[in-house]
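Protein chains: 2
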Amino acid sequence: MGHISIGNYLLTRLEQLGVKSMFGVPGDFNLGFLDLVEDFPTIDWVGNCNELNAAYAADGYARVNQQSLGVVLTTFGVGELSAINGVAGAFSEMVPVLHIVGAPSTGQQKAKAMLHHTLGDGRYLAYTRASEQFTVAQAALGNTDAAALEIDRVLLECITKARPVYLTLPADLVHSEIPADRLSIPLTRNYPLNDPSVEEYVLDLIVKQVQAADADVIVLVDACTIRHDVRKELNEFIRRTGFPVYAAPMGKTAVDENYPRFGGIYIGSISHPEVKEKVESAKMILSVGALKSDFNTGNFSYNIPPTKTVELHSDHTHVQYAQFPGIGMKRLFPKLTDRLEPFKQAALKLDVPPFSAVPPDDPTPIINHAWLWPTVGSFFRPKDVIVTETGTANFGILDIPLPEKSIILNQILWGSIGWSVGSTLGAALAARESGLGRTILFVGDGSLQLTVQELSVMIRKGLKPIVFVLNNSGYTIEKYIHGKHRHYNNIADWTWTSLLTTLNDGGRVPTKSYKVSTKQEFSQLLQDEKFARADCMQLVEIIMPALDAPRALEVQAEMSGKSNVFSAAAAAGVAQ
Amino acid sequence: MGHISIGNYLLTRLEQLGVKSMFGVPGDFNLGFLDLVEDFPTIDWVGNCNELNAAYAADGYARVNQQSLGVVLTTFGVGELSAINGVAGAFSEMVPVLHIVGAPSTGQQKAKAMLHHTLGDGRYLAYTRASEQFTVAQAALGNTDAAALEIDRVLLECITKARPVYLTLPADLVHSEIPADRLSIPLTRNYPLNDPSVEEYVLDLIVKQVQAADADVIVLVDACTIRHDVRKELNEFIRRTGFPVYAAPMGKTAVDENYPRFGGIYIGSISHPEVKEKVESAKMILSVGALKSDFNTGNFSYNIPPTKTVELHSDHTHVQYAQFPGIGMKRLFPKLTDRLEPFKQAALKLDVPPFSAVPPDDPTPIINHAWLWPTVGSFFRPKDVIVTETGTANFGILDIPLPEKSIILNQILWGSIGWSVGSTLGAALAARESGLGRTILFVGDGSLQLTVQELSVMIRKGLKPIVFVLNNSGYTIEKYIHGKHRHYNNIADWTWTSLLTTLNDGGRVPTKSYKVSTKQEFSQLLQDEKFARADCMQLVEIIMPALDAPRALEVQAEMSGKSNVFSAAAAAGVAQ
Ligand SMILES: Cc1ncc(C[n+]2csc(CCOP(=O)(O)OP(=O)(O)O)c2C)c(N)n1
Ligand SMILES: Cc1ncc(C[n+]2csc(CCOP(=O)(O)OP(=O)(O)O)c2C)c(N)n1
Ligand SMILES: [Mg+2]
Ligand SMILES: [Mg+2]
Numbered sequence: 097m098g099h100i101s102i103g104n105y106l107l108t109r110l111e112q113l114g115v116k117s118m119f120g121v122p123g124d125f126n127l128g129f130l131d132l133v134e135d136f137p138t139i140d141w142v143g144n145c146n147e148l149n150a151a152y153a154a155d156g157y158a159r160v161n162q163q164s165l166g167v168v169l170t171t172f173g174v175g176e177l178s179a180i181n182g183v184a185g186a187f188s189e190m191v192p193v194l195h196i197v198g199a200p201s202t203g204q205q206k207a208k209a210m211l212h213h214t215l216g217d218g219r220y221l222a223y224t225r226a227s228e229q230f231t232v233a234q235a236a237l238g239n240t241d242a243a244a245l246e247i248d249r250v251l252l253e254c255i256t257k258a259r260p261v262y263l264t265l266p267a268d269l270v271h272s273e274i275p276a277d278r279l280s281i282p283l284t285r286n287y288p289l290n291d292p293s294v295e296e297y298v299l300d301l302i303v304k305q306v307q308a309a310d311a312d313v314i315v316l317v318d319a320c321t322i323r324h325d326v327r328k329e330l331n332e333f334i335r336r337t338g339f340p341v342y343a344a345p346m347g348k349t350a351v352d353e354n355y356p357r358f359g360g361i362y363i364g365s366i367s368h369p370e371v372k373e374k375v376e377s378a379k380m381i382l383s384v385g386a387l388k389s390d391f392n393t394g395n396f397s398y399n400i401p402p403t404k405t406v407e408l409h410s411d412h413t414h415v416q417y418a419q420f421p422g423i424g425m426k427r428l429f430p431k432l433t434d435r436l437e438p439f440k441q442a443a444l445k446l447d448v449p450p451f452s453a454v455p456p457d458d459p460t461p462i463i464n465h466a467w468l469w470p471t472v473g474s475f476f477r478p479k480d481v482i483v484t485e486t487g488t489a490n491f492g493i494l495d496i497p498l499p500e501k502s503i504i505l506n507q508i509l510w511g512s513i514g515w516s517v518g519s520t521l522g523a524a525l526a527a528r529e530s531g532l533g534r535t536i537l538f539v540g541d542g543s544l545q546l547t548v549q550e551l552s553v554m555i556r557k558g559l560k561p562i563v564f565v566l567n568n569s570g571y572t573i574e575k576y577i578h579g580k581h582r583h584y585n586n587i588a589d590w591t592w593t594s595l596l597t598t599l600n601d602g603g604r605v606p607t608k609s610y611k612v613s614t615k616q617e618f619s620q621l622l623q624d625e626k627f628a629r630a631d632c633m634q635l636v637e638i639i640m641p642a643l644d645a646p647r648a649l650e651v652q653a654e655m656s657g658k659s660n661v662f663s664a665a666a667a668a669g670v671a672q
Numbered sequence: 097m098g099h100i101s102i103g104n105y106l107l108t109r110l111e112q113l114g115v116k117s118m119f120g121v122p123g124d125f126n127l128g129f130l131d132l133v134e135d136f137p138t139i140d141w142v143g144n145c146n147e148l149n150a151a152y153a154a155d156g157y158a159r160v161n162q163q164s165l166g167v168v169l170t171t172f173g174v175g176e177l178s179a180i181n182g183v184a185g186a187f188s189e190m191v192p193v194l195h196i197v198g199a200p201s202t203g204q205q206k207a208k209a210m211l212h213h214t215l216g217d218g219r220y221l222a223y224t225r226a227s228e229q230f231t232v233a234q235a236a237l238g239n240t241d242a243a244a245l246e247i248d249r250v251l252l253e254c255i256t257k258a259r260p261v262y263l264t265l266p267a268d269l270v271h272s273e274i275p276a277d278r279l280s281i282p283l284t285r286n287y288p289l290n291d292p293s294v295e296e297y298v299l300d301l302i303v304k305q306v307q308a309a310d311a312d313v314i315v316l317v318d319a320c321t322i323r324h325d326v327r328k329e330l331n332e333f334i335r336r337t338g339f340p341v342y343a344a345p346m347g348k349t350a351v352d353e354n355y356p357r358f359g360g361i362y363i364g365s366i367s368h369p370e371v372k373e374k375v376e377s378a379k380m381i382l383s384v385g386a387l388k389s390d391f392n393t394g395n396f397s398y399n400i401p402p403t404k405t406v407e408l409h410s411d412h413t414h415v416q417y418a419q420f421p422g423i424g425m426k427r428l429f430p431k432l433t434d435r436l437e438p439f440k441q442a443a444l445k446l447d448v449p450p451f452s453a454v455p456p457d458d459p460t461p462i463i464n465h466a467w468l469w470p471t472v473g474s475f476f477r478p479k480d481v482i483v484t485e486t487g488t489a490n491f492g493i494l495d496i497p498l499p500e501k502s503i504i505l506n507q508i509l510w511g512s513i514g515w516s517v518g519s520t521l522g523a524a525l526a527a528r529e530s531g532l533g534r535t536i537l538f539v540g541d542g543s544l545q546l547t548v549q550e551l552s553v554m555i556r557k558g559l560k561p562i563v564f565v566l567n568n569s570g571y572t573i574e575k576y577i578h579g580k581h582r583h584y585n586n587i588a589d590w591t592w593t594s595l596l597t598t599l600n601d602g603g604r605v606p607t608k609s610y611k612v613s614t615k616q617e618f619s620q621l622l623q624d625e626k627f628a629r630a631d632c633m634q635l636v637e638i639i640m641p642a643l644d645a646p647r648a649l650e651v652q653a654e655m656s657g658k659s660n661v662f663s664a665a666a667a668a669g670v671a672q
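Protein chains in written order, with my numbering: chain A, 97 to 672; chain B, 97 to 672.
Rather than coming from a laboratory, the hints here were simulated on the basis of the structure. Be a bit skeptical, because a hint or two may be false.
Same chains, same label: a pair holds when it works inside one copy or across any pair of copies.
[Claimed, not checked] Keeping only pairs whose Cα atoms sit at most 25 Å apart, straight-line, the calculated PhoX-like set for lysine-lysine is:
hint	residue 1	residue 2
1	Lys426	Lys615
2	Lys611	Lys372
3	Lys206	Lys388
4	Lys445	Lys658
5	Lys608	Lys580
6	Lys404	Lys426
7	Lys658	Lys208
8	Lys388	Lys208
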């Protein structure tokens with residue numbers, strides 16, 4: 097095999113891994129690499145408005161392009177630090193993102209030259225130090241010898257651990273030639289084998305527990321089912337065993353929500369009473385890929401003792417109190433399916449409440465959450481990609497079943513507002529690349545103000561998402577948590593319907609904007625065939641009351657308000 | 097003295113230090129503190145659209161409110177990391193900014209609870225680790241005992257070193273009461289004394305060097321003159337000694353540019369030939385507060401040997417090759433003035449070229465840089481606050497003298513685009529608070545897209561800056577550096593003149609937008625009395641050619657292009 101430049105080596109690897117779009121912002125230290133990107137036939141450069149949005153886009157892209165990864169390219173210092181919150185979010189939420197930083201040339205780095213974008217004190221490693229906190233692997237390319245190996249190492253870590261990695265590409269090395277031979281060895285996600293005797297032991301234990309529970313078992317699926325790629329194994333399992341299935345908020349859509357044995361969303365004490373009853377009264381809970389964060393568990397209000405629980409994780413297993421490090425679910429699942437299939441008859445006798453949502457019969461014209469979510473529920477179609485922002489939207493969507501093969505994106509753990517906008521850009525691109533359906537965003541007026549410019553890139557790239565802006569005059573979720581009548585929870589009132597034309601690329605691309613203030617206006621819009629076809633980018637401003645929230649949020653907010661000890665009285669230990 | 101809550105202790109300290117506006121974004125971990133801020137009579141809460149913009153605003157505020165500091169308040173994780181590039185910029189550029197982070201309560205931190213905004217792995221210190229790289233002091237309040245001391249410590253570091261500091265405020269401690277007695281001891285910026293015998297020795301050396309140079313001395317002022325608060329001492333010095341003065345780009349306006357002994361801007365080989373000749377042929381250069389970064393020195397092209405140089409810094413002095421750590425200019429200057437005053441007669445004989453700029457006689461209608469900058473030069477007035485963004489604007493402004501008492505803000509070292517927009521918000525607030533003149537921003541179309549939403553906060557706060565948008569269809573500075581005809585250097589073409597109405601707060605506040613495409617249109621606008629009065633917020637879109645740049649940028653870009661080694665040929669060592 098011949099030789100290849102380091103830049104093209106990297107691009108070829110990304111191509112092999114299914115990357116078709118790359119996000120970021122140019123800067124003088126990455127312009128040389130950008131030449132290669134622009135000339136690379138199968139990867140499209142998406143110039144973002146800013147780096148944080150670019151990182152969010154890479155995150156959204158990776159969530160939809162599920163066997164691949166997201167890539168964000170920034171420039172040294174100013175660019176990479178602007179992106180760091182987006183990268184940290186990908187770490188927290190377990191999304192594989194490669195952060196490439198175009199850096200000064202190796203000579204300038206060695207000389208510690210006082211270049212622009214430096215801290216002025218020669219600390220060239222300061223940015224890497226910061227990024228180490230939020231990435232699972234880092235490589236600073238320093239010479240040609242190790243370049244290919246280093247690139248492969250961080251990419252493998254990225255796809256295997258489903259977490260972000262960081263790669264520094266000095267300007268002078270981009271065009272340096274290295275042998276191309278490693279490229280013939282594909283990089284594949286690595287699922288470590290389980291120790292066979294421990295695995296056997298664990299399987300026996302689980303079977304015994306199922307027997308002891310008289311097969312009164314429910315399956316509770318969560319985030320890592322999706323992030324650690326066991327959706328297929330899980331679905332095979334539930335279909336062959338017949339156990340009832342529920343999902344934590346972050347596990348939503350891991351199982352088709354129209355599957356008859358799917359019973360809805362479990363969020364501890366915030367759950368619908370029937371779901372809560374079913375889950376908590378089962379004799380055994382098989383928890384799959386749990387991620388027990390506050391907002392994913394109804395503020396830690398699971399009422400399930402460990403003695404009733406088996407927990408499967410990507411790299412360990414819990415059976416009651418016993419822990420089994422190294423026993424990962426990807427390999428365990430098929431065997432567990434074989435072992436538990438015999439319980440199917442018993443399992444099918446277990447009742448599952450239907451998961452459905454019907455708009456309440458409410459004659460008032462005002463659009464409120466109780467009515468909104470069931471209503472948009474019937475607007476969704478199979479294969480839609482649905483993005484919801486932290487705020488009322490993230491809670492509202494939980495109450496409604498989504499169509500099969502739809503994908504839902506949210507940030508229930510990290511919760512960085514504004515993320516949904518960049519993420520929608522990445523998601524819409526990935527959806528277009530892989531022939532999925534419409535991309536539909538629900539974002540609060542407050543959140544959209546953080547990252548609004550990225551709508552412009554959607555227009556420019558010819559994407560056609562539907563953006564629902566929940567205009568409730570401010571930070572409603574915050575108001576529910578604390579400061580209901582405080583000024584700091586109010587925001588400026590933008591003219592949302594003129595945004596798309598303002599941010600349009602010279603008006604070249606058709607877009608549409610709507611404002612709906614009543615249930616009737618909104619229903620009519622949803623029923624409009626043309627609107628639903630989404631053949632241009634559309635923004636819908638939904639006017640909602642400042643103090644209205646989905647049921648789940650009301651309960652959650654009250655609980656987190658308490659744990660934050662906001663007031664002097666609470667600090668003094670006085671009951672509020 | 098009585099007791100006071102930790103939150104109010106902090107606010108009282110900030111009030112004492114002259115802080116009248118605080119920037120940031122609410123988040124559930126800082127809402128308790130925000131109650132105190134909102135109720136605090138002398139500090140106004142500026143809710144920003146996002147945290148990066150808030151940090152930029154705090155930076156701009158501190159640059160104008162020069163004896164004070166800027167404050168940015170964010171929430172744990174998502175908020176603070178969004179702001180980190182702005183804080184790092186304040187570090188690099190030496191601007192005193194306090195970054196307050198509202199964090200989970202001490203109990204939750206100890207329990208390592210898996211809260212939203214955490215990385216999901218219990219690493220509660222990860223964000224502090226990152227911020228340590230970009231701040232000169234950090235304090236994580238953990239209990240009431242040390243709180244006052246810790247707050248005072250970071251504040252003193254902030255104002256003394258003129259660099260950012262980081263303070264974590266757990267939700268539960270905000271309302272905890274502590275003794276208020278420390279508040280009676282004011283915090284004041286601390287200028288360490290110089291060792292008297294070393295100082296005397298240094299003064300003798302400098303006097304000898306001036307004698308040896310036959311008083312053929314020029315003074316070259318730079319960034320740290322402004323940042324380390326020696327402007328007064330410097331001005332006393334130059335007036336009493338009469339030496340000619342020149343400024344590096346980052347030293348611009350440290351000396352009134354209409355002062356007859358001021359000769360203009362020195363940027364190594366990029367300087368105007370006459371300035372270059374004068375500076376480099378002087379027998380001695382007294383350099384004040386030098387910061388020799390690439391863009392501040394014409395890519396390191398000073399042609400001044402150390403044997404001709406005396407360098408005064410905030411905490412050390414160089415005389416030729418000799419270094420004197422601990423001898424700082426704040427204390428040295430008055431003595432140096434006394435010692436060098438006797439040379440005044442000789443000094444006044446030295447010629448100083450006039451620093452002026454007249455628009456060229458160019459009959460073409462197109463607005464180009466050569467014409468633009470001298471033209472806006474005569475639009476400026478004393479006490480105007482002028483902000484320029486990285487890009488063509490930063491270079492263009494160098495060529496024109498600014499009126500007395502005007503303030504110029506830019507980021508020549510850090511160079512994070514988008515900064516100027518947030519910074520303008522902070523600058524305009526500080527200018528209003530202290531009765532300065534108009535705030536005038538020059539920002540490129542590319543840069544404005546990064547942080548555009550902050551225009552909305554300016555409107556909402558009733559500020560009246562004039563925003564000149566240089567619309568040259570993309571990243572012109574980058575095009576000059578590399579990739580003149582590459583797509584990645586192009587951007588979406590927004591409808592700039594509809595921005596202010598879109599981002600207006602329900603249209604409550606009057607704003608005006610203009611678009612000028614010819615020299616004549618632009619001149620007319622500048623001559624319009626009403627426009628110049630700036631009694632509402634105004635945006636002016638200036639249409640300019642994509643490939644036109646100020647002279648200084650053309651030269652600089654060529655030089656940085658070379659040092660970046662962008663092409664395969666350059667990498668292989670082939671001359672380009
Ligand atoms: C980057 C970031 N900054 C601040 C916060 C704190 N925060 C969480 S939700 C929220 C308000 C969201 O308001 P909006 O988008 O309007 O949602 P809604 O009104 O529907 O609740 C804020 C400020 C955050 N989560 N992330
Ligand atoms: C945060 C950040 N991202 C990227 C860059 C790299 N960069 C420097 S200047 C520039 C283009 C600026 O374009 P514009 O504001 O339009 O200025 P002009 O066209 O007048 O040069 C870019 C992308 C940067 N300096 N900072
Ligand atoms: Mg809202
Ligand atoms: Mg431009």
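Against the structure shown, which of the earlier numbered hints fail to hold, in ascending order?
-> 1, 2, 4, 5
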